[in-house]
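Enquirer: If you read the sequences in order, they're chains A and B. For the first sequence, position 26 matches number 26 in the numbering used here, and the numbering has no gaps at all. Throughout, the numbering used here is defined as the position within the second sequence, counted from one, plus 1000.
These are computed hints drawn from the structure, not numbers from a lab. Just to be clear, a hint being listed does not mean it is correct.
[To be verified] Facing chain A, a subset of chain B residues (Cβ under 10 Å, in silico):
no.	residue
1	1005
2	1201
3	1312
4	1360
[What the hints assert, rightly or not] Non-contacting residues of chain B with respect to chain A, defined by C-beta distances greater than 10 Å in every case (computed):
no.	residue
5	1026
6	1111
7	1138
8	1272
9	1297
10	1321
[Said to hold, decoys possible] Pairs of lysine-lysine, DSSO-like flavour, derived with a Cα cap of 27 Å:
no.	chain 1	residue 1	chain 2	residue 2
11	B	1217	B	1089
12	A	81	B	1390
13	B	1002	A	122
14	A	82	B	1002
15	A	228	A	189
Backbone N, C-alpha and C define an ideal beta-carbon position, used for all residues, glycine too.
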Amino acid sequence: MIDCKNINKVYKNEVETWALRGVSFSIDEGEFVAIIGPSGSGKSTLMHILGCLDTPTSGQYFLEGREISKLSEDELAEIRKKKVGFVFQMYNLLPRATVFKNVELPLIYEGLPKKEREERVKAALRNSAFPDEFWFYLSNQLSGGMQQRVAIARALVNNPKLILADEPTGNLDSKTGDVVLKTLIDLNKRGHTLIIVTHELYIARYAKRIIALRDGQIVEDAPREKAKSLKLIKE
Amino acid sequence: MKIEDLLNEAIFAVSANKVRSGLTILGIVIGIASVIAMISIGQGAKSEIVHSIQSLGSNVLTVIPGGARIGAVFMGRGTAQILKEDDVKVLKTIGGVVDVVPIVQRTLQIVAPNGNNTRTSIIGATPELFAVREISIEKGSIFSEEQVRNISRVAVLGKNIANDLFGEENPVGKTVRISGINFKVIGVAAPKGGVMGMVADDLVFAPFTTMQKVLAKSDYLNLILIKGEKKELLPQIQQQAILLLAEKHRVDPQNPDFTIISQEDILSTLTQVTTIFTIFLGAVASISLIVGGIGIMNMMLTSVTERTREIGLRKAIGAKNREILAQILTESVLLTFLGGAVGIFIGWLISLGISKFAQISTQVSLPSVILAFGVCTAIGIFFGWWPAKKAAGLSPIEALRYE
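Kindly produce the complete structure, drawing on both the sequences and the hints.
Expert: Right, dumping it as structure tokens:
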């Protein structure tokens, strides 16, 4: 489903910064991958490229067979709308809007009829195990864990093939973090391809495959059981 | 993105900070209200002028003698003594002419038996004057052809003059003294209103022969009115009248010693003046509208900056640049539209107040309301464009990281 070939990303300010150097890998549909690495390793840049928020400086990125590194901003937006669901560390909900409206937001840009929207919002909220009684609360009245589950429902509402989570538990205590993580894992079990970008290794331990980055390069790409990166830090 | 959603999102965003939106709208409210009120004054003046010109009768041409010269001194148009009763007869032969009315006009002192007196214009004319000028009679009657032939000393008073001289009393049958000569009051004209020099309410009417022989002691006419059958015939009548009168006066028709003007001429000159007046008032008031527009731009810029992360998120979940642009523009147009609606209402109240308390006639016309809404939309788009462009151009990655 995802196929990256020799991806480079260079930021040109006063000095050239190579955020990614020759990154190549592929991910099949239904996989659960954790991209790990210390800050500055290029994992956020990689996530932006995988999520079609950004394009590589050179190299090719195929998403479901489509080369997207040369697409225009509008074409990228169209792909994000149809194929990608994002979960951010900061939740990024509209604070004065209800839970329902927050989840509905992507469908507004889709231009779906009201009835179909409601059905899909309800389904997404149930799939992310969000309790019914809070549906019409304003999102800023909810706890962090609840807010993150609203964000997951929002990522789900378009039925995307790919769910990208950027430090989804970063702002949560470990108990609520586990609940959020469990919700994401459930989605993966239901067939969504899940990529979690994190520097917290305990999260990576739930993944089936680990891609470790350092200084913009892949230092390890292995199934979880064989991943040295996890063991090294554990010891 | 559907129009309905675009509108819902804009309402949601604008109502998120009601106080700020309200204060920003206030700028537009004041701007639109003052434009509407100012234009209503201009329009009111215009319609009053049109009304009063039209009240002088329709399809009427006026023959005015040229200026007299004493040596090298030009005495002004209308002072030359050239028009005579014979001219009236000549003009009556033109096809399409319904009536020709000779007018002798003097400003004289008029005294009632009870001692009340005033100074006003006395119009000497034939009975057709009342039909041509569309003056109706409230009490008594107009003078007859016979009274004109007999040089009768009879007068019809304008409503204001009747009130000034006789108050609540009925003047018909009473005697007034004009320039020391007794005249019998035979009628009072119905009130007609108007703001121009020829307000029927302030005039006194008498047979023109009486004016010539008794009061003016001159055979010359001040004006001749020509009433045409219909509007379309007027230019033709005007042409022929110039030729006939020029021939009779033995002058060059290209440079005659008289002028013939139609009411359309007067009307177009005066409406031109009031249009300039209206534009001037409107222009002064629109300055406040521009200030209001800058207020909108200021608020939209602040709001876009505040909502950087939100805009980043919207883009991340698939909003296109033009959808963000449309959203921000809809917000600013919504603000100006709300301001416009309230402004039109307040402007209308102000114009009602002006006509009620300042006795200036005002008129809020539909075109000015439509124009106000148009201007509001334009201001919304104009002053919202930059903030909207700024929002649309945000990089989703940087916007999401924005603190």
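Enquirer: Using Cβ atoms and 10 Å as the threshold, tell me whether residue 1272 of chain B really stays out of contact range of chain A.
Expert: Per Cβ check, residue 1272 of chain B is outside 10 Å of chain A; nearest 52 Å; holds.
Enquirer: Is the hinted pair residue 1217 of chain B and residue 1089 of chain B satisfied, with a Cα-Cα distance of at most 27 Å?
Expert: With a Cα-Cα distance of about 21 Å, the restraint between residue 1217 of chain B and residue 1089 of chain B holds, given a limit of 27 Å.
Enquirer: Beyond 10 Å from chain A, beta-carbon-wise, is residue 1297 of chain B?
Expert: Holds, because the least Cβ-Cβ distance between residue 1297 of chain B and chain A comes to about 23 Å, which exceeds 10 Å.
Enquirer: Looking at residue 1111 of chain B again, its CB stays over 10 Å from all of chain A?
Expert: 81 Å, holds
Enquirer: Would the hint linking residue 81 of chain A and residue 1390 of chain B be met if the CA-CA limit is 27 Å?
Expert: 22 Å, holds
Enquirer: Does the closest beta carbon of chain A sit nearer than 10 Å to the beta carbon of residue 1201 of chain B?
Expert: 65 Å, violated
Enquirer: Beyond 10 Å from every Cβ of chain A: is that where the Cβ of residue 1138 of chain B lies?
Expert: 68 Å, holds
Enquirer: If you take the shortest Cβ to Cβ gap from residue 1312 of chain B to chain A, is it below 10 Å?
Expert: 8 Å, holds
Enquirer: Is the Cα-Cα distance between residue 82 of chain A and residue 1002 of chain B 27 Å or less?
Expert: 17 Å, holds
Enquirer: Given residue 1360 of chain B as an interface hint, is its Cβ closer than 10 Å to any Cβ of chain A?
Expert: 48 Å, violated
Enquirer: Take the shortest C-beta to C-beta distance between residue 1005 of chain B and chain A; is it under 10 Å?
Expert: The hint holds - residue 1005 of chain B has a Cβ within 10 Å of chain A, the shortest such distance being about 5 Å.
Enquirer: Does residue 189 of chain A lie within 27 Å of residue 228 of chain A when you go C-alpha to C-alpha?
Expert: 25 Å, holds
The structure fails hints 2, 4 and 10 (numbered hints given earlier, in ascending order).
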